[in-house]
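Chains R and U, in that order, give the protein sequences.
Counting from 0, one number per residue, gives the positions in the first sequence under numbering that gives the first Met the number 0.
Counting from 0, one number per residue, gives the positions in the second sequence under numbering that gives the first Met the number 0.
Hints may contain errors.
Which chain U residues face chain R? A few, computed with CB under 10 Å, are given here [claimed, not checked]:
hint: 1; residue: Thr99
hint: 2; residue: Met131
hint: 3; residue: Asn205
hint: 4; residue: Lys218
hint: 5; residue: Gly266
hint: 6; residue: Ser319
Derived PhoX-like pairs: lysine-lysine, alpha-carbon spacing no greater than 20 Å straight-line [to be verified]:
hint: 7; chain 1: R; residue 1: Lys101; chain 2: R; residue 2: Lys140
hint: 8; chain 1: U; residue 1: Lys224; chain 2: U; residue 2: Lys40
hint: 9; chain 1: U; residue 1: Lys155; chain 2: U; residue 2: Lys249
hint: 10; chain 1: R; residue 1: Lys101; chain 2: R; residue 2: Lys425
hint: 11; chain 1: U; residue 1: Lys238; chain 2: R; residue 2: Lys453
hint: 12; chain 1: U; residue 1: Lys316; chain 2: U; residue 2: Lys63
hint: 13; chain 1: U; residue 1: Lys238; chain 2: U; residue 2: Lys289
hint: 14; chain 1: U; residue 1: Lys160; chain 2: R; residue 2: Lys453
hint: 15; chain 1: U; residue 1: Lys249; chain 2: U; residue 2: Lys182
hint: 16; chain 1: U; residue 1: Lys36; chain 2: U; residue 2: Lys289
hint: 17; chain 1: U; residue 1: Lys289; chain 2: R; residue 2: Lys140
hint: 18; chain 1: U; residue 1: Lys162; chain 2: R; residue 2: Lys140
Residues from chain U that keep clear of chain R, each with C-beta distances beyond 10 Å, as calculated [stated by the list, open to error]:
hint: 19; residue: Asp193
hint: 20; residue: His206
hint: 21; residue: Lys225
hint: 22; residue: Pro244
hint: 23; residue: Thr324
Calculated from the structure, these hints are not laboratory results.
Ideal Cβ placement from N, Cα and C applies to all residues, glycine included.
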Amino acid sequence: MEALGQLIGGFETAFTWWNLLYCLIGVTVGMLVGVLPGLGPTTGTALLIPMTFGMEPVSAIIMLSGIYYGSMYGGTITSVLINTPGEAASVITCLDGHPLAKQGRAGVALGVAGIGSFIGGTISIIGLAFIGPALAELALKFGPPEFFALMIFGLIMVIGLMGRSLIRGLIAAFIGLILSLIGMDPVSGAVRFTFGEAHLMNGLDLVTVAMGLFGLSEILFGMENLQKLDKPGKVKGLLPRKEEWRPTLNAIGRGTGLGFFVGLIPGSNSVIPAILSYTLEKRIAKDPSRFGKGAIEGVAGPETANNSYCGAALIPLFTLGIPSSPTIAIILGAFIMHGLTPGPTLFQNNPDFVWAIIASMFIGNLILLIMNLPMAGMWAKIAAVPPKLLYPLILIISIIGAYTVSNSLWDVGVMFVFGIAGYIMKKLDIPMAPIVLTFVLSKLMENSLLQSIKMFDGNVLQLFARPISGTLLVLSLIVLCLSVIAEVKKKKAGFASDVEM
Amino acid sequence: MKKIAWGLIGLSIAFLVGCSAQGGQAGGQSGQAEAKKYPEKEITLVVPYAPGGASDSTARIIAKNMEEKLKVPIVTVNKTGGTGGVGMTFVQSSPNDGYTFGYVPVEMTMHKALGLSELEPSKFDLLGQATMIPAAITVPADAPYNTIEEFVEYAKQNQGKIKVGNSGVGSIWHIASTAFANKAGVQFTDIPFDGAAPAVTALMGNHVDAVAVSLGEVKSGVEAKKLKVLAVMSAERDKNFPDIPTLKEKGFDVEVVGWGGFVLPKGTSDDFKKVLADALKEAVESDDFKKFANERGMSAVYKSPEDFTTFAEQQFKFFSDFIPTLDLK
Numbered sequence: 000m001e002a003l004g005q006l007i008g009g010f011e012t013a014f015t016w017w018n019l020l021y022c023l024i025g026v027t028v029g030m031l032v033g034v035l036p037g038l039g040p041t042t043g044t045a046l047l048i049p050m051t052f053g054m055e056p057v058s059a060i061i062m063l064s065g066i067y068y069g070s071m072y073g074g075t076i077t078s079v080l081i082n083t084p085g086e087a088a089s090v091i092t093c094l095d096g097h098p099l100a101k102q103g104r105a106g107v108a109l110g111v112a113g114i115g116s117f118i119g120g121t122i123s124i125i126g127l128a129f130i131g132p133a134l135a136e137l138a139l140k141f142g143p144p145e146f147f148a149l150m151i152f153g154l155i156m157v158i159g160l161m162g163r164s165l166i167r168g169l170i171a172a173f174i175g176l177i178l179s180l181i182g183m184d185p186v187s188g189a190v191r192f193t194f195g196e197a198h199l200m201n202g203l204d205l206v207t208v209a210m211g212l213f214g215l216s217e218i219l220f221g222m223e224n225l226q227k228l229d230k231p232g233k234v235k236g237l238l239p240r241k242e243e244w245r246p247t248l249n250a251i252g253r254g255t256g257l258g259f260f261v262g263l264i265p266g267s268n269s270v271i272p273a274i275l276s277y278t279l280e281k282r283i284a285k286d287p288s289r290f291g292k293g294a295i296e297g298v299a300g301p302e303t304a305n306n307s308y309c310g311a312a313l314i315p316l317f318t319l320g321i322p323s324s325p326t327i328a329i330i331l332g333a334f335i336m337h338g339l340t341p342g343p344t345l346f347q348n349n350p351d352f353v354w355a356i357i358a359s360m361f362i363g364n365l366i367l368l369i370m371n372l373p374m375a376g377m378w379a380k381i382a383a384v385p386p387k388l389l390y391p392l393i394l395i396i397s398i399i400g401a402y403t404v405s406n407s408l409w410d411v412g413v414m415f416v417f418g419i420a421g422y423i424m425k426k427l428d429i430p431m432a433p434i435v436l437t438f439v440l441s442k443l444m445e446n447s448l449l450q451s452i453k454m455f456d457g458n459v460l461q462l463f464a465r466p467i468s469g470t471l472l473v474l475s476l477i478v479l480c481l482s483v484i485a486e487v488k489k490k491k492a493g494f495a496s497d498v499e500m
Numbered sequence: 000m001k002k003i004a005w006g007l008i009g010l011s012i013a014f015l016v017g018c019s020a021q022g023g024q025a026g027g028q029s030g031q032a033e034a035k036k037y038p039e040k041e042i043t044l045v046v047p048y049a050p051g052g053a054s055d056s057t058a059r060i061i062a063k064n065m066e067e068k069l070k071v072p073i074v075t076v077n078k079t080g081g082t083g084g085v086g087m088t089f090v091q092s093s094p095n096d097g098y099t100f101g102y103v104p105v106e107m108t109m110h111k112a113l114g115l116s117e118l119e120p121s122k123f124d125l126l127g128q129a130t131m132i133p134a135a136i137t138v139p140a141d142a143p144y145n146t147i148e149e150f151v152e153y154a155k156q157n158q159g160k161i162k163v164g165n166s167g168v169g170s171i172w173h174i175a176s177t178a179f180a181n182k183a184g185v186q187f188t189d190i191p192f193d194g195a196a197p198a199v200t201a202l203m204g205n206h207v208d209a210v211a212v213s214l215g216e217v218k219s220g221v222e223a224k225k226l227k228v229l230a231v232m233s234a235e236r237d238k239n240f241p242d243i244p245t246l247k248e249k250g251f252d253v254e255v256v257g258w259g260g261f262v263l264p265k266g267t268s269d270d271f272k273k274v275l276a277d278a279l280k281e282a283v284e285s286d287d288f289k290k291f292a293n294e295r296g297m298s299a300v301y302k303s304p305e306d307f308t309t310f311a312e313q314q315f316k317f318f319s320d321f322i323p324t325l326d327l328k
């Protein structure tokens, strides 16, 4: 009850005109940063920090966190409309969001993403406010071995996304694994597959790769069929059909839980809950073959999960002073610059401050919902623009986006290479989802495995001796066995999943 | 005749004096004009790391302060990649017209020894140092040892069993913990993380036993009473933590600190360098930069171009000798 009183006090602070304005600026900038590929929330917050020097600390943090969670809403728009993810967390949304747009249901995809984001975001803020401190200690139990086990679990789940042919799916998965090896090995420091090119030393950038594989290849493919391209259907409303409500809401519920759980784990990022949510939805769906062709749950789940992640990821920051992602590290920097030290003492020493931030996040999410729902219809009309005009525009946006990744033409080149590779893979019917998924997961997996091996002095079996990692690994084994059994039973019909992109 | 001769001489003297006076004036004017001319347009500052990190924030605040003095905008550009190599090489190969300069961290003097790039201090004109941050040997608050001596004693009894997290293989904090281990005659198991923050998180979760990362990274953990710092690795005690001893005063002769400074492309004119160095000095010594540095656990330390050059050369020599003994790769 005490917490509730403080929250109301927080609303008093957040509802002053200036703070409302900063909240609005923050979420709007966040939306824009999310929409523009290449410009992610990390860069967005970093660039705006100098602007906050003259502000009250409360207003500054309200604005910066607005950018952070606002960007999760914005990234969806480009994923759905032009198959080009605006930021990393929305890569997964391309898989089903864009097919929906092709069917003229872009409004529905955006509408559902907006509603899911709002629900996920709001519930995770409630979690942050009321149960956060208790959960934070639990999050610390996640060391390298536990992280490794979680990544294995994620990879096993990816098997469900292999496409219509297991062999082709595996090829794609291994391409992703190999791509993630490029760059400096974090544990031995050895430089791999860089061919002496300094730009490759830090590896490839996920958003650049995804922009090429999804967005650019889409253009190339579309150009081929420019004459006989289906006219995009009329924009059909913003809300799902009556019979779609139940599965959509269920997916939103599961996405909220997943996102919140992953958010607690330091070192994770917002792509992981989206991947887990997508694979979960596909696994439990009655008819998994719909996925990749515009399944509404495939948009609702991941989009909810990445917003729910955002609120939960602030828990380690507020309660322990731990930044669990690069963007949060920048917000931590802003805290320090304004003379506040995040940590267990923050809730005790500056309760007014913390509760005002939390209250502002409720308001910010509401603003975003209001901004997104009516605008979804307007955005969706973009999908109806004739390809002749749309493609050059996408190309320009993609090139600028790739350039901003590290301010060099190198990334633009990388994007083109992956665009061509994506085109060839489409021709060969190799699914692209596994490439991106293994690319994200295996980097983190390799790190944590090598760290664990060093921690255990080479004894890998120790992984099973720790409760959390042991449980996760056994779960992965069970899922793997079930998949194999299902495969044997259904013979060729197994993995009957046609992820087509 | 004589009169005429004298008159001529007088005239010519007057003429000469006038000329030289005018020449002097003209010279003065052109000198002033030149000094005024630089800088006449915006200056680009290249930061070799992503926006938001300690390097980036340092560079941006310095740039903001230097702008006030130079009266031209300073545009900060992040050129990332190659663990800083891309951005630093970009500065090295930029035109030396005084309109491009770069931020460099301690890693600039380590790159060559690590085999990451061919960069070394002699390939730049060094402009000045801005920050210094010592390594801090940090353990969980509930660890059984309270002083650095007790920790070394414990480590000697458990050779190779103490797990020390660092911010990446060959990173400055990896070198800090190894240099300390060598002097103390103990052996640690090094566990590299992707940056200092995850290493500190692992320390809080008791997944590693100690870290030797920068004071700024452990500050909030110490204030939250989850961590304790046993010693710092700078020459003098840190102003922010005056109770914590240095390794030197405890008899371990080892000093490893992180630092940040600014460089110009080789061959930049001395006049331009002086203008920039003066602006940098004022920026580093300004109150708001000192405040920023303290909050981040760093110290604002200015070194002139000459001192910074000597210092960087010393650092380059130290790392070039020390890193090969680490047996990396």
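Status of each hint after checking the structure:
no.	hint	in the structure
1	Thr99	violated, 14 Å
2	Met131	violated, 18 Å
3	Asn205	holds, 8 Å
4	Lys218	holds, 7 Å
5	Gly266	violated, 23 Å
6	Ser319	violated, 16 Å
7	R/Lys101 to R/Lys140	violated, 44 Å
8	U/Lys224 to U/Lys40	violated, 50 Å
9	U/Lys155 to U/Lys249	holds, 17 Å
10	R/Lys101 to R/Lys425	holds, 17 Å
11	U/Lys238 to R/Lys453	violated, 36 Å
12	U/Lys316 to U/Lys63	violated, 33 Å
13	U/Lys238 to U/Lys289	holds, 12 Å
14	U/Lys160 to R/Lys453	holds, 11 Å
15	U/Lys249 to U/Lys182	holds, 12 Å
16	U/Lys36 to U/Lys289	violated, 31 Å
17	U/Lys289 to R/Lys140	violated, 37 Å
18	U/Lys162 to R/Lys140	holds, 17 Å
19	Asp193	violated, 6 Å
20	His206	violated, 3 Å
21	Lys225	violated, 7 Å
22	Pro244	holds, 23 Å
23	Thr324	holds, 15 Å
Hint check: violations occur at hints 1, 2, 5, 6, 7, 8, 11, 12, 16, 17, 19, 20 and 21; the rest are consistent with the structure.
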